[in-house]
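Peer 1: Next come the chains, spelled out residue by residue.
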Amino acid sequence: MSARDTILQRLRNRTGDQLPTPERDFTAMERPDWSTGDKLARFRSAMEPVHGEIHNCRGGDWVATLSGLLSDRRVSRMLVGSGAEPLATLRASTQELPDILVYDEPVENWQQHLFNDVDAGLTTTRGGIAETGSLILWPTAEEPRLTSLVPPIHVALLKASELFGTLREAMAAQQWSHGMPTNALLVSGPSKTADIEQTLAYGVHGPRELIVLVVE
Amino acid sequence: MNEQKASDTVDVREFHPRARAALADPQIRQNFRSAMDGLMGKRRTAFEGWDLEALRTLGASVRQNALAHLPDLLEQLEARLTANGIRVHWALDGDEACRIVTDICRARDAHSVIKGKSMVSEEMHLNHHLEQHGIDALESDLGEYLVQLAGETPSHIIMPAIHKNTGEISELMHDRTGTERSTDVEYLTASARQQLREKFMNADVGISGVNFAVAETGTLCLVENEGNGRMTTTVPPCHIAVTGIEKVVPTLADMSALLALLTRSATGQHITTYFNMISGPRRGEELDGPEEVHVVLVDNGRSGIYQDDELIDTLRCIRCGACMNHCPVYTRVGGHAYGTTYPGPIGKILMPHLIGLDEGRHLPSASSLCGACGEVCPVKIPIPDLLVRLRRESVDGDRLHPSVVRGHGAKRSTAEALAWKTWQWVHAHPAAYRLGTAAASHLRALQPDRLGAWTQYRSAPKLAARTLHQQVKDRRS
Chain Z
1 MSARDTILQR LRNRTGDQLP TPERDFTAME RPDWSTGDKL ARFRSAMEPV HGEIHNCRGG
61 DWVATLSGLL SDRRVSRMLV GSGAEPLATL RASTQELPDI LVYDEPVENW QQHLFNDVDA
121 GLTTTRGGIA ETGSLILWPT AEEPRLTSLV PPIHVALLKA SELFGTLREA MAAQQWSHGM
181 PTNALLVSGP SKTADIEQTL AYGVHGPREL IVLVVE
Chain L
1 MNEQKASDTV DVREFHPRAR AALADPQIRQ NFRSAMDGLM GKRRTAFEGW DLEALRTLGA
61 SVRQNALAHL PDLLEQLEAR LTANGIRVHW ALDGDEACRI VTDICRARDA HSVIKGKSMV
121 SEEMHLNHHL EQHGIDALES DLGEYLVQLA GETPSHIIMP AIHKNTGEIS ELMHDRTGTE
181 RSTDVEYLTA SARQQLREKF MNADVGISGV NFAVAETGTL CLVENEGNGR MTTTVPPCHI
241 AVTGIEKVVP TLADMSALLA LLTRSATGQH ITTYFNMISG PRRGEELDGP EEVHVVLVDN
301 GRSGIYQDDE LIDTLRCIRC GACMNHCPVY TRVGGHAYGT TYPGPIGKIL MPHLIGLDEG
361 RHLPSASSLC GACGEVCPVK IPIPDLLVRL RRESVDGDRL HPSVVRGHGA KRSTAEALAW
421 KTWQWVHAHP AAYRLGTAAA SHLRALQPDR LGAWTQYRSA PKLAARTLHQ QVKDRRS
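If you read the protein sequences in the order shown, they are chains Z and L. Residue 1 is where the first sequence starts when you use UniProt numbering, and the numbers rise one by one after that. Residue 1 is where the second sequence starts when you use UniProt numbering, and the numbers rise one by one after that.
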């Protein structure tokens, strides 16, 4: 008999009594119906203590904010997905921006370049979670997984209108149970570790900095 | 590197000498004390404003429901994962799981493996196995990396290198990798980042654990802060996830409850930096991600634990480590004294099933039964009750009822059994009882002042001059 059948048979023919199935009461996880303002404030108060940087922007002026932030950090090369937005807005902008590298080839063709020569990656998000200060990312062919992971700075665009109270709210509203993408992520700050004597250090394997541009 | 070899030669039965050595080492005492104090404080803060009891009840009910439907959920998970393009493998024990992983590596002609943190892989001694088959396995979680550099095993399931301080780590990195000596944690971290980036790019296979497997969508969830888990599961062309069969939950909603409890209980974080949900290999036009994803579902003793109505609660565990952070024994003797993959209270109730009560005979007794572990457990595992049960199993076993615990009765001694038999008989026979206590009162002068370990820090209790029966009689008259 295969390991699979042996394991399943052992589990099905267990010797004990009927196992208890107590009711799952999720009330303790529920949060009030926060306004957008409340959600923004909570998002900020959850993300800033873990070193996420948040900037509020109006409409298209996020490019101006981005331009300032990247030039302060002397970013010379920024990675962007091949999707229509935000690429079109960046290309149409007259702001001073770093060289834009479009992620439009399989990573195998340019891995060394990605790991060694890219200073920042810009991604959109599928919304945010106010309670925990988290960004929801569903990487796609137009915005591949490594854009938000390999460059030392990750800049994320978040629409204020797409901020949810809790993870459960987001999952229900976006119907995650109907099907998940190959990879989905919650990102709640820059990469960090406390493995050396519980002392926090940032940018251990992922980005050292996370900058969130909240577009209202 | 000779990682894992240490654990292969450690005799779990030698708990007492190791515990004595750890207690006599001020550095170890201090490293653990300060770390555990920090973790306890962070957990307390993280749950402020929450109805913790209600949350723990939810956590327990989520896990109980999942376990009640375990075989169905595993089949559903397998079907969903397969539909998503993930290959599912089943392993009865650690050796079989190691063989499965090695076969996948060989089929790809893989020689270098990068690993994300996985306690199940520690349980399987996977690194050692891979090394024997000429496959180089490098840990990428910073704590695991340091432990591997030192040729040691993790001393904590969440913070593997917690037994070392910065100075010791600086020395270690200098010796093994040539990093400049420094007490600057940022510098040491940046050096490790540099050393590992190259490895991520060149690894043939990435191996990770799994925190939760969601049956309804066929999703593997990983909790982490560093980003090494994402690197491991995204950069190499093949990803293998190894997980215990008990990690499956029915729905995403169940997962969200456990996630909320896990990170707050473990490190006092509302959420970790990354929550990575994997539901398939690179698909269609995607430009990155592994082309192959495998899951190895590992039993290794779990279906045995599943047979018993009381011990099954052990399988609720979500591996947060809160029980060890709050354990007065763990904090003093540290993680290595146990000599087991999982240390601390959860190790004491889980390991006997994996290695047998013969080898793990001291584990259920290495506790003061203070109850702290049970009080903080986010899924309400009655750890103290299970410790008592395993103590009974270790001296009795089949005499209670047919036992599911391997090595039950290993600690049974004829002399001790006879002593308790006599005690039982005396207490059931009033005449014998009165005779016994009267004799004890008369002979109290002969009672020794020193009673071995009992009087090491206490004075010996004195037998009363008159028995309780006599005293009551005096009062009445």
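If you're looking for bench data, these hints aren't it; they were derived computationally from the structure. Built from N, CA and C at the ideal position, the CB exists for glycine as well. Watch out, some of these pointers could steer you wrong.
Facing chain Z, according to a computed beta carbon distance under 7 Å, are these residues of chain L, among others [as the list claims (entries may be wrong)]:
| # | residue |
| --- | --- |
| 1 | 41 |
| 2 | 45 |
| 3 | 58 |
| 4 | 70 |
| 5 | 90 |
| 6 | 143 |
| 7 | 167 |
| 8 | 169 |
| 9 | 172 |
| 10 | 177 |
| 11 | 180 |
| 12 | 201 |
Just the calculated beta-carbon pair ranges, DEER-fashion [to be verified]:
| # | chain 1 | residue 1 | chain 2 | residue 2 | range |
| --- | --- | --- | --- | --- | --- |
| 13 | Z | 93 | L | 103 | 15 to 25 Å |
| 14 | L | 93 | Z | 17 | 21 to 31 Å |
| 15 | L | 332 | Z | 89 | 58 to 68 Å |
| 16 | L | 369 | Z | 113 | 52 to 62 Å |
| 17 | L | 93 | Z | 159 | 47 to 57 Å |
| 18 | L | 49 | Z | 19 | 56 to 66 Å |
| 19 | Z | 27 | L | 133 | 22 to 32 Å |
| 20 | Z | 17 | L | 177 | 29 to 39 Å |
Derived list of chain L stretches under chain Z, where covered just means 3 residues or more per stretch with a C-beta under 8 Å from a C-beta of chain Z [as the list claims (entries may be wrong)]:
| # | region |
| --- | --- |
| 21 | 15-29 |
| 22 | 287-293 |
| 23 | 411-424 |
Peer 1: Hint by hint, note whether the structure agrees.
Peer 2: Status of each hint after checking the structure:
Given the 7 Å rule on beta carbons, the hint for residue 41 of chain L is violated: about 11 Å separates it from the nearest Cβ of chain Z. With a least beta-carbon distance of about 11 Å to chain Z, the hint placing residue 45 of chain L at the interface is violated under the 7 Å criterion. At its closest, the beta carbon of residue 58 of chain L sits 6 Å from a beta carbon of chain Z; the interface hint therefore holds under the 7 Å criterion. Among the interface hints, the one on residue 70 of chain L holds; its C-beta lies about 5 Å from the nearest C-beta in chain Z, closer than the 7 Å criterion.
Given hint, residue 90 of chain L at the interface with chain Z, holds; its Cβ is 4 Å from that chain's nearest Cβ, closer than 7 Å. A hinted interface residue such as residue 143 of chain L counts as satisfied when its beta carbon comes closer than 7 Å to some beta carbon of chain Z; here the least separation is about 4 Å, so the hint holds. Because the smallest distance between the Cβ of residue 167 of chain L and any Cβ of chain Z comes to about 9 Å, over 7 Å, the interface hint for this residue is violated. For residue 169 of chain L, the shortest C-beta to C-beta distance to chain Z is roughly 5 Å, which falls under 7 Å, so the interface hint holds.
Annotation: residue 172 of chain L was flagged as interfacial toward chain Z, and the flag is violated, the nearest CB pair being 11 Å apart, outside 7 Å. Against a cut-off of 7 Å between C-beta atoms, the interface hint on residue 177 of chain L is violated, since the closest Cβ of chain Z lies about 14 Å away. Given the 7 Å rule on beta carbons, the hint for residue 180 of chain L is violated: about 15 Å separates it from the nearest Cβ of chain Z. This hint holds: residue 201 of chain L has a C-beta 6 Å from the nearest C-beta of chain Z, less than the 7 Å allowed.
Checked against the hint of 15 to 25 Å, the pair residue 93 of chain Z and residue 103 of chain L fails, with Cβ atoms roughly 53 Å apart. About 27 Å separates the C-beta atoms of residue 93 of chain L and residue 17 of chain Z, a value consistent with the hinted range of 21 to 31 Å. Separated by about 59 Å at the C-beta atoms, residue 332 of chain L and residue 89 of chain Z satisfy the suggested range of 58 to 68 Å. At roughly 59 Å, the beta-carbon separation of residue 369 of chain L and residue 113 of chain Z lies within the given 52 to 62 Å, and the hint holds.
For residue 93 of chain L paired with residue 159 of chain Z, a C-beta distance near 50 Å keeps the hint of 47 to 57 Å intact. Remark: the range hint 56 to 66 Å for residue 49 of chain L to residue 19 of chain Z is contradicted by a beta-carbon distance near 33 Å. Under the hint 22 to 32 Å, the C-beta atoms of residue 27 of chain Z and residue 133 of chain L, about 51 Å apart, miss the expected range. Take residue 17 of chain Z and residue 177 of chain L: their Cβ atoms lie about 55 Å apart, and the range 29 to 39 Å is violated.
A stretch counts as covered by a chain when three or more of its residues have a beta carbon under 8 Å from one of that chain; for the region 15-29 of chain L and chain Z the count is 0, and the coverage is violated. A count of 3 residues in the region 287-293 of chain L with a Cβ less than 8 Å from any Cβ of chain Z is obtained; the coverage claim is therefore met, three being the minimum. Evaluation of the coverage hint for the region 411-424 of chain L: breached, as 0 residues show C-beta separations to chain Z shorter than 8 Å, against a requirement of three.
When the structure is compared with the earlier hints, violations turn up for hints 1, 2, 7, 9, 10, 11, 13, 18, 19, 20, 21, 23 and for no others.
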